[in-house]
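Enquirer: Keeping the supplied structure of chain D fixed, place chain A upon it in accordance with the hints.
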Amino acid sequence: MTSCFGFSQAAPAPAQASSGSQATDQKIKDLEERVIALEGQLRMLESKQQAVAAPPTTTAPATPSPTSQAAAPEQAEVTAENGQVPVYGGATGQAKALNPDISLIGDFLAAVGHNTARPVPTLEMHETELGLQAIIDPYARADAFISFGEEGVNLEEGYLTFTALPAGIVARAGKMRAAFGKVNTLHNHVLPWTDRPLVTENLVGGEDGINDAGLSVTRAFEGPKGLFIEGTGQVFRGDSDDVFKSIRREDVSTVGHVRAYKDITESTNLDIGASYSRGHNDAGLLSAPQFQNDFVTSLYGADATLRWKPLRRSIYHSFVGRTEFVWSDRQQFPAAQHAFGMYASGDYQLARRWFVGARYDHSERARDSAQLDQGGSLVLTYWPSEFAQLRAQYRHTDYAEQQNVNELRLQLQFAMGAHGAHPF
Amino acid sequence: MAVLLACSLVFALPAHAAKKLNVITATTDLASLAQEVGGDKIDVEAIAKGYQDPHFVEAKPSFLLKLRHADLLVVVGLDLEIGWLPPLITQSGNPHIQPASAGYLDASQFAEILEKPQGQVSRAMGDVHPLGNPHYWLDPENGRRVAKGISNKLAEMDPPNASYYQQRFQDFDKRLTAAEQNWDAQMKPYNGRKIVTYHKSWPNFAKHFNLDVVGYIEPRPGIPPTPGHTIELIQQMKRDNVKIIMVEPYFDLKTPNNIASGTGGKVLVMLPSVGGEKEITDYFKLFDYDIGLLKKAFDETK
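So the protein lines, in turn, are chains D and A. The numbering of the first sequence is this note's numbering, which starts it at 1 and goes up by one. The numbering of the second sequence is this note's numbering, which starts it at 1001 and goes up by one.
Bound-form chain D, shown alone:
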């Protein structure tokens, strides 16, 4: 009886303790879940402050959302008049979350060898590119790249991209590198060489290239059998280095680019493109006023890129083969010039940090197609990390005015900050 009683007394105690412990465990678990959820909400709040400003109007800022008010109380006070962009002052710690992503890429070059045709300094801080990138509002993002070089400061690119247009259209407005071929679209730090090919130098404006203030519209289409087709149309003011020169307002230049891309396998893909560009050139400046607008340059381009990157070892091995062909028709006095140029290159990644490459160059000159430059390069690249790069390029060039130019070019690049990825 006692034992029975004792059992009946004793049995519920552990059960109660157990259920109490379970309840406590459950409470702790619930609290943990709550903390995790709140942490997530906090992260999202912070990233939303960066991603979205208040919905814009053209004449005055819209009412800031509670989150933006919390982030920057000054914003509620600021009003913009006559469509001016409001200026927000007194950046608090939280308001800094609205700052754009800032990056800086340095490009240091050294050159050895005797080159009188196109000399470059022995040592130069060739370029320091400051990048500012941010989402402006729910409808657009902005990217600005300011280049500090030995010759001064230059807005390399600064444009607004409209991401919320109907029918899959992506539009840009601002100063930008034109969609002519491949190399013209690339910033220095993403080139696989220390220089640009001769055809770019001779026919497409060199390092600055076709890079002008204008408007761009792009639309991608799905072709048959998984083919990706992209069409781009651009209109520029008409001033691009020594390629185009606008004398009158209506002397705009235009660029058209069609691209077809196909995944051959999951590791290999082929990207081909055709480009056209037309604009007035500077031959008009030397002519009588009534003939100033008669001189036009037309450029035709074809490009192909073959990429291979095995997905299971994508950080160790890859290959990129590129080629571009450019034809230039330049009207000038006394006779129009029809010049042709091309390059072909291959770059192979040997290991996680090592790349080797080679390039062949051949190009006539836009202003005198009888002058031919040819050359070749061997390139070795080493990445100490994802944010620094050392490169050596041996370059042999036969210029029209100087044969057998042998040079060794060394390059050191480094990146700081959050530089957004460039388009493929």
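Please note: incorrect hints may appear among the correct ones.
Said to hold, decoys possible - Partial selection, computed: residues in chain D whose CB lies under 7 Å from chain A:
#1 R34
#2 T161
#3 T163
#4 V170
#5 A220
#6 E222
#7 P224
#8 K225
#9 A260
#10 D263
#11 Y316
#12 V320
#13 V356
#14 F387
#15 L390
Claimed, not checked - In the EDC-like style, the derived pairs of lysine to aspartate or glutamate whose C-alpha atoms are separated by at most 16 Å in a straight line are:
#16 A:K1116 x D:E39
#17 A:K1049 x D:D263
#18 D:K262 x D:E222
#19 A:K1116 x D:E46
What the hints assert, rightly or not - Computed footprint of chain D on chain A, listed as stretches where at least three residues anywhere in the stretch have a Cβ under 8 Å from a Cβ of chain D:
#20 1085-1093
#21 1213-1227
FYI, nobody ran anything at the bench for these hints, they're computed from the structure. Each residue gets a CB set at the ideal place from its N, CA and C atoms; glycine is no exception.
Expert: Same frame as chain D, but now just chain A:
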């Protein structure tokens, strides 16, 4: 007349009755979780393959077309995809999936995030993620949280099927709880065992299954192994009697194999993602595979 009637009937149907939600995810794990809760009401596809390094995916133009038609884009977040996804989103021409839009879902908001760097963050620390370690899906508890978040998002985007998504989540929750009990039981004998991993991909996995990660083959995140660090690691493994080296399928095995031969250890090619091998077709099979591999290796290296 019959044709007109048929046409009018077709157009009279509500759009949602015919159209599935088109969900694109950054990784296969998120695709698997989305499929669990979305069932046959969604079409889901991942951009990165399960056997490739999710930090370094090529932003191929063919992905643009997938994004163009997406109703919902689910990303891992915490800057995991910063090197490839932003330009794809910008160029997709799809306003619905732009960051902070209704069709953009950052799954990290639902998860427990570990290894948030404290104090000053610099690249001297390697390729660190300032917001925390993005490999959070390797804790089944986070899988549950993310699945719930996706389920709620689908319900918000497709209200007529909200109860369907809720029910799918509850079913997933039950199956995951049962599977978790099984995985926990399998791993219980190895609680507190010390391991070395190649990259910092496994903190959430290690926390959940109570494993002690004592070192990494990478001297710092994203920095390839150096001879000096490898020698130090071998000495540490010998000192701490560590026998297991976990390596993701996209890393070279040369250094891990050298370390294993120097320590009498074992290299395990663990899968961090669904689809890492052909037979790993869903979130459950991912843990079945990894736990099976670990258990066998622990038993062999007692």
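Enquirer: Each hint needs a verdict: does it hold in this structure or not?
Expert: Against the structure, the hints:
A distance limit of 7 Å between C-beta atoms decides the matter here; for D:R34 the minimum to chain A is near 12 Å, and the interface restraint is violated. Proximity of D:T161 to chain A holds as hinted, the smallest CB-CB distance being about 6 Å (cut-off 7 Å). Hint on D:T163 holds. Least Cβ distance to chain A is approximately 5 Å, under the 7 Å limit. The interface hint given for D:V170 holds, since its Cβ lies 5 Å from the closest Cβ of chain A, which is under the 7 Å cut-off.
The interface hint given for D:A220 holds, since its Cβ lies 5 Å from the closest Cβ of chain A, which is under the 7 Å cut-off. Look at D:E222: its Cβ gets to within about 5 Å of chain A, closer than 7 Å, so that hint holds up. Look at D:P224: its Cβ only gets to about 13 Å from chain A, farther than 7 Å, so that hint breaks. Checking D:K225 against chain A by beta carbon gives a least distance of about 11 Å; that is not within 7 Å, so the hint is violated.
The criterion of a C-beta within 7 Å of any C-beta in chain A is not met by D:A260, whose closest approach is roughly 9 Å, and the hint is violated. Taking 7 Å as the C-beta cut-off, the interface hint given for D:D263 holds, the closest approach to chain A being about 5 Å. Because the beta carbon of D:Y316 sits about 6 Å from the nearest beta carbon in chain A, less than 7 Å, this interface hint is met. Look at D:V320: its Cβ only gets to about 11 Å from chain A, farther than 7 Å, so that hint breaks.
A least Cβ separation of about 18 Å between D:V356 and chain A goes past the 7 Å threshold, and the interface hint is therefore violated. Nearest Cβ of chain A to the Cβ of D:F387: about 6 Å, under the 7 Å cut. The hint holds. Interface restraint check: D:L390 against chain A, minimum CB-CB distance 15 Å, threshold 7 Å, status violated. Distance hint between A:K1116 and D:E39 is fulfilled; the C-alpha atoms sit about 12 Å from each other, no more than 16 Å.
Under the criterion of a C-alpha separation no larger than 16 Å, the hint pairing A:K1049 with D:D263 is consistent with the structure, at around 15 Å. Restraint check for D:K262 and D:E222: satisfied, since their Cα atoms lie roughly 11 Å apart, inside the 16 Å limit. For the given pair, A:K1116 sits about 15 Å from D:E46 by alpha-carbon distance, which is consistent with the 16 Å threshold. For the stretch 1085-1093 of chain A, the assignment as covered by chain D holds, since 7 residues bring a beta-carbon within under 8 Å of that chain's beta-carbons and 3 suffice.
Here's how the stretch 1213-1227 of chain A fares: 3 of its residues keep a CB closer than 8 Å to some CB of chain D, so the rule of at least three is met and the hint holds.
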